[in-house]
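Each chain, written out:
Protein chains: 2
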Amino acid sequence: MRKSAVITIGNEILLGKTVNTNLTFLAQELANLGLPVDYSVTIKDEATAIHQALRQCWEKYDVVITTGGLGPTTDDITKQEIASFFGKKLVFNEEVWEQVQKIFAARNMPTPEINRSQAMVPEDFIALKNERGTAPGLFYEEGEKSFFAFAGVPVEMKHIFLTQAKPILEKKYGTQDKVIQRTIHTFGIAESALAELLSDFQPPENVNFAWLPQPGRVDLRFYGTDAQAIEKVFNECYSRVQTYAWGFDDDTPVSVLHRILREKKLYLSVAESCTGGLVQKMVTDLAGSSDVFLGGVVSYANEIKVKILKVKPGTLNKYGAVSEECAREMVTGVRDLTDSDIAISTTGIAGPEGGTAEKPVGMVCFGFSVHNDIWSITHIFNGDREIIRQQAAEFALLNLIKYLQGHKF
Amino acid sequence: MRKSAVITIGNEILLGKTVNTNLTFLAQELANLGLPVDYSVTIKDEATAIHQALRQCWEKYDVVITTGGLGPTTDDITKQEIASFFGKKLVFNEEVWEQVQKIFAARNMPTPEINRSQAMVPEDFIALKNERGTAPGLFYEEGEKSFFAFAGVPVEMKHIFLTQAKPILEKKYGTQDKVIQRTIHTFGIAESALAELLSDFQPPENVNFAWLPQPGRVDLRFYGTDAQAIEKVFNECYSRVQTYAWGFDDDTPVSVLHRILREKKLYLSVAESCTGGLVQKMVTDLAGSSDVFLGGVVSYANEIKVKILKVKPGTLNKYGAVSEECAREMVTGVRDLTDSDIAISTTGIAGPEGGTAEKPVGMVCFGFSVHNDIWSITHIFNGDREIIRQQAAEFALLNLIKYLQGHKF
Chain W
40 MRKSAVITIG NEILLGKTVN TNLTFLAQEL ANLGLPVDYS VTIKDEATAI HQALRQCWEK
100 YDVVITTGGL GPTTDDITKQ EIASFFGKKL VFNEEVWEQV QKIFAARNMP TPEINRSQAM
160 VPEDFIALKN ERGTAPGLFY EEGEKSFFAF AGVPVEMKHI FLTQAKPILE KKYGTQDKVI
220 QRTIHTFGIA ESALAELLSD FQPPENVNFA WLPQPGRVDL RFYGTDAQAI EKVFNECYSR
280 VQTYAWGFDD DTPVSVLHRI LREKKLYLSV AESCTGGLVQ KMVTDLAGSS DVFLGGVVSY
340 ANEIKVKILK VKPGTLNKYG AVSEECAREM VTGVRDLTDS DIAISTTGIA GPEGGTAEKP
400 VGMVCFGFSV HNDIWSITHI FNGDREIIRQ QAAEFALLNL IKYLQGHKF
Chain Y
40 MRKSAVITIG NEILLGKTVN TNLTFLAQEL ANLGLPVDYS VTIKDEATAI HQALRQCWEK
100 YDVVITTGGL GPTTDDITKQ EIASFFGKKL VFNEEVWEQV QKIFAARNMP TPEINRSQAM
160 VPEDFIALKN ERGTAPGLFY EEGEKSFFAF AGVPVEMKHI FLTQAKPILE KKYGTQDKVI
220 QRTIHTFGIA ESALAELLSD FQPPENVNFA WLPQPGRVDL RFYGTDAQAI EKVFNECYSR
280 VQTYAWGFDD DTPVSVLHRI LREKKLYLSV AESCTGGLVQ KMVTDLAGSS DVFLGGVVSY
340 ANEIKVKILK VKPGTLNKYG AVSEECAREM VTGVRDLTDS DIAISTTGIA GPEGGTAEKP
400 VGMVCFGFSV HNDIWSITHI FNGDREIIRQ QAAEFALLNL IKYLQGHKF
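Line by line, the protein sequences give chains W and Y. In my numbering, each residue's number is its place in the first sequence (first place is 1) plus 39. In my numbering, each residue's number is its place in the second sequence (first place is 1) plus 39.
Don't read these hints as lab results, they were simulated from the structure. Bear in mind the structure is a predicted one, so any value in this text is a computation, not a measurement. Among the clues, some could well be false.
Copies of the same chain are indistinguishable here, so a pair counts whether it falls within one copy or spans any two.
[Said to hold, decoys possible] Think about it this way: if two alpha-carbon atoms lie no more than 30 Å apart in a straight line, the pair counts; the simulated DSSO-like pairs of lysine-lysine are:
| hint | residue 1 | residue 2 |
| --- | --- | --- |
| 1 | Lys56 | Lys168 |
| 2 | Lys168 | Lys346 |
| 3 | Lys210 | Lys56 |
| 4 | Lys304 | Lys127 |
| 5 | Lys168 | Lys205 |
| 6 | Lys56 | Lys205 |
| 7 | Lys99 | Lys42 |
| 8 | Lys56 | Lys211 |
| 9 | Lys56 | Lys217 |
| 10 | Lys83 | Lys56 |
| 11 | Lys168 | Lys127 |
| 12 | Lys99 | Lys398 |
| 13 | Lys346 | Lys205 |
| 14 | Lys99 | Lys217 |
| 15 | Lys83 | Lys184 |
| 16 | Lys349 | Lys304 |
| 17 | Lys271 | Lys56 |
| 18 | Lys128 | Lys398 |
| 19 | Lys83 | Lys197 |
| 20 | Lys184 | Lys303 |
| 21 | Lys168 | Lys141 |
| 22 | Lys304 | Lys217 |
| 23 | Lys398 | Lys304 |
| 24 | Lys99 | Lys141 |
| 25 | Lys99 | Lys83 |
Okay, chain W solo, but in the shape it has when bound (with noise of 0.2 Å):
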């Protein structure tokens, strides 16, 4: 099987100011083309770095990709020491020079000199069109072998990689060892006592088994090339642990809550405090959800809790802002004040500050509100204010969506 190897060229990512998604998108769209990612490595800006990984990934992999340092400033030295590795000159080319102007010129603005740099392209080299910065993408073949460099503004990067390098790829090599994955996303069970579960389920030696514990949750993924074993597997598997999975492959809480109350035509609002508008950023992550989603209140202080959701003040003073009792009324107030027909609350202790020995941090009551059904719920969750904060939007949505699916409307 072919494979590719990605070579990350930064700096800022080896300083930690910067995370590598480009290598997570690199990643995912090389093994659906059956070319997947075998080695990574993140390296300096720097000619012997550059120049050292360049050899070591050119002699073992068929494609090799590098992302960053391609931009118009003094620091990226990276065309200089592709050129030379593969022993080319850098020649102008006109062709990029007008696609650099003509970037300007959309944004009414004079092109500036310094980036006459970015039309310089190592001779045998294809320039790679950029329509959305100045930096064009590089692609280079030697016989079986595909080199492209990617600026690494992740933007511009996917823009390139998706427009123009996919389809040489697709055409060069075909689809032929595509990399089947089958995941089942489980919900509500520990990894470990998944494992007991599983401990006597043994996948055959063509299939690829993973666990990706999440905080949370636990994916349980299949692949290889064999794609009648992994379907095997996989339906096996999921006849075992049935009961905890809420969704397969690409599906995210969202995209599956969407599709349940899009199914369903319900509408759905959200009252948050302590995960102060996450939820509903999560359900308007995806396009359309003007279909299944109207609104709602993000209740931070208590006074908001009172005046737009008419939470009580007796219910404050006698069971505090994180109690099921508060949750309750704010799902129900937020569900009358949008006229919807469910409605999710949050309100909890995100941290660092705040925890008392009762009530401790990463305690958090929800509630939930379907048709004529209420109810609360409280869970404690570790890790840091983010992680808390993420965990309990997720175990909102997924608290909701496994009511869905078992009940009918």
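With chain W held as given, fit chain Y onto it using these hints.
What follows is chain Y alone, placed relative to chain W:
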């Protein structure tokens, strides 16, 4: 100067299913300790690959860290490979086993037998206590060199690093080679325009200068080990770009906004349409947000804009929901509803559908209300739905910040 290497072990990252945030965290921490990451490699959970990466890194670097592959499930072979690379046997560690059982006891669960493998530790290695999960960290040293292995789950890795690995590194290596970084955050000027503004600006040899273009803004970073030289260059650069600077170093739009609002004792509220809760989520990302933020409304559907925010139906009919007129009514609506000093509103087309020639995808109208000043602006963002929303939320915060930085109250 001492240098580190990070080895990430995990098929999931090479398949693009997980983003490598562990590297980001470790890179920041190690740079601060004067042990900057010089090289990072991501490999499969396979014996040969693990062995090769260990050989390559252990020979060349002072500190080598692996993350991933230490779970109890069957696909984790990392610990055996580490033991074999260093020529050690795995031995059962009673203390680790007790800690694993404690973790399960705290969850009111019996300890699954499969977790006994977690208590196997290579001889001469020190097990680092994991209070967030079952896989202990591992530490080994040979003379001046240090090796660490951590589980891949970010919350566990961070916990073990901060509580145990960091003190070991501080004690062993001191902090004399600490990398010093200073960053200027700019907004409202394109990368190339900034480059022209700084075209004759040349930092000295011992100060590294990096451009970090991000969607909608550019960071300028100076780093090295000579604190005085860095400070001098930093100040010189700042005096040139002052108009566009909104913060320094670890400042984020949210941290700067919190600081200003707290200083001025002002409370914020937010009304969001296209950003769907993201602005409020960002504002509440930081602890202590209840000092500066009351809450707000996500008015995704037009009925919610009218019913809750009192946007006039006539405004929606005449100008549409994506209009400066609507943004102004949303912002005064949420201000009145919450009785806040300051308010922000967003309404736009996040895409990918819904654009027209007159109102393209990416067009977002913003409303601002600061005491008696009310204004609105329109901006067109490029990118996919996620990037448009992210940029729009940040744009809203940065515009408010630039206004507040320029006005006395």
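Going through the hints against the structure:
Proximity of Lys56 and Lys168 under a CA criterion of 30 Å is satisfied in both settings, with 28 Å inside one chain copy and 28 Å between copies. Taking CA atoms no more than 30 Å apart as the test, Lys168 paired with Lys346 passes in neither setting, with 54 Å inside one copy and 48 Å between copies. In this homomeric assembly, Lys210 and Lys56 come within 30 Å of each other (Cα to Cα) only across copies, at 25 Å, whereas the closest approach inside a single copy is 37 Å. In the homo-oligomer, the alpha carbons of Lys304 and Lys127 never lie at most 30 Å apart, since the shortest distance is 61 Å inside one protomer and 61 Å across protomers.
Within a single copy, Lys168 and Lys205 get their C-alpha atoms as close as 13 Å, which meets the 30 Å cut-off; across copies the closest is 46 Å, which misses it. With identical chains, the CA atoms of Lys56 and Lys205 are at most 30 Å apart both within one copy (29 Å) and between copies (19 Å). In this assembly of identical chains, the alpha carbons of Lys99 and Lys42 lie at most 30 Å apart whether taken from the same copy (9 Å) or from different copies (27 Å). For a Cα distance limit of 30 Å, the shortest separation of Lys56 from Lys211 across copies, 25 Å, qualifies, whereas the shortest one inside one copy, 36 Å, does not.
With identical chains, the CA atoms of Lys56 and Lys217 are at most 30 Å apart between copies only, with a shortest distance of 16 Å across copies and 34 Å within one. In this assembly of identical chains, Lys83 and Lys56 lie within 30 Å of each other by CA distance both inside one copy and across copies; the values are 13 Å within and 25 Å between. In this assembly of identical chains, the alpha carbons of Lys168 and Lys127 lie at most 30 Å apart only when taken from the same copy (20 Å versus 53 Å across copies). In this assembly of identical chains, Lys99 and Lys398 lie within 30 Å of each other by CA distance neither inside one copy nor across copies; the values are 56 Å within and 49 Å between.
Proximity of Lys346 and Lys205 under a CA criterion of 30 Å is satisfied in neither setting, with 54 Å inside one chain copy and 48 Å between copies. Taking identical chains as interchangeable, the C-alpha atoms of Lys99 and Lys217 lie at most 30 Å apart only when both belong to the same chain, with a minimum of 20 Å there against 37 Å between chains. Taking identical chains as interchangeable, the C-alpha atoms of Lys83 and Lys184 lie at most 30 Å apart whether they share a chain (24 Å) or sit on different chains (22 Å). Taking the shortest Cα distances, Lys349 and Lys304 sit within 30 Å of each other both inside one copy (27 Å) and across copies (27 Å).
When the C-alpha separation of Lys271 and Lys56 is checked against a cutoff of 30 Å, the pair qualifies only between copies, where the shortest distance is 22 Å, while the shortest distance within a copy is 43 Å. Within a single copy, Lys128 and Lys398 get their C-alpha atoms no closer than 67 Å, and across copies no closer than 45 Å, so neither meets the 30 Å cut-off. With identical chains, the CA atoms of Lys83 and Lys197 are at most 30 Å apart both within one copy (22 Å) and between copies (24 Å). With identical chains, the CA atoms of Lys184 and Lys303 are never at most 30 Å apart, being 50 Å at best within one copy and 61 Å at best between copies.
Within a single copy, Lys168 and Lys141 get their C-alpha atoms as close as 12 Å, which meets the 30 Å cut-off; across copies the closest is 58 Å, which misses it. In this assembly of identical chains, Lys304 and Lys217 lie within 30 Å of each other by CA distance neither inside one copy nor across copies; the values are 37 Å within and 58 Å between. In this assembly of identical chains, the alpha carbons of Lys398 and Lys304 lie at most 30 Å apart only when taken from different copies (29 Å versus 37 Å within one copy). Taking the shortest Cα distances, Lys99 and Lys141 never come within 30 Å of each other, neither inside one copy (39 Å) nor across copies (46 Å).
Proximity of Lys99 to Lys83 under the C-alpha cut-off of 30 Å is found in both arrangements, the shortest distances being 21 Å within a copy and 15 Å between copies.
Violated hints, listed in ascending order, are 2, 4, 12, 13, 18, 20, 22, 24; each of the other numbered hints is respected by the structure.
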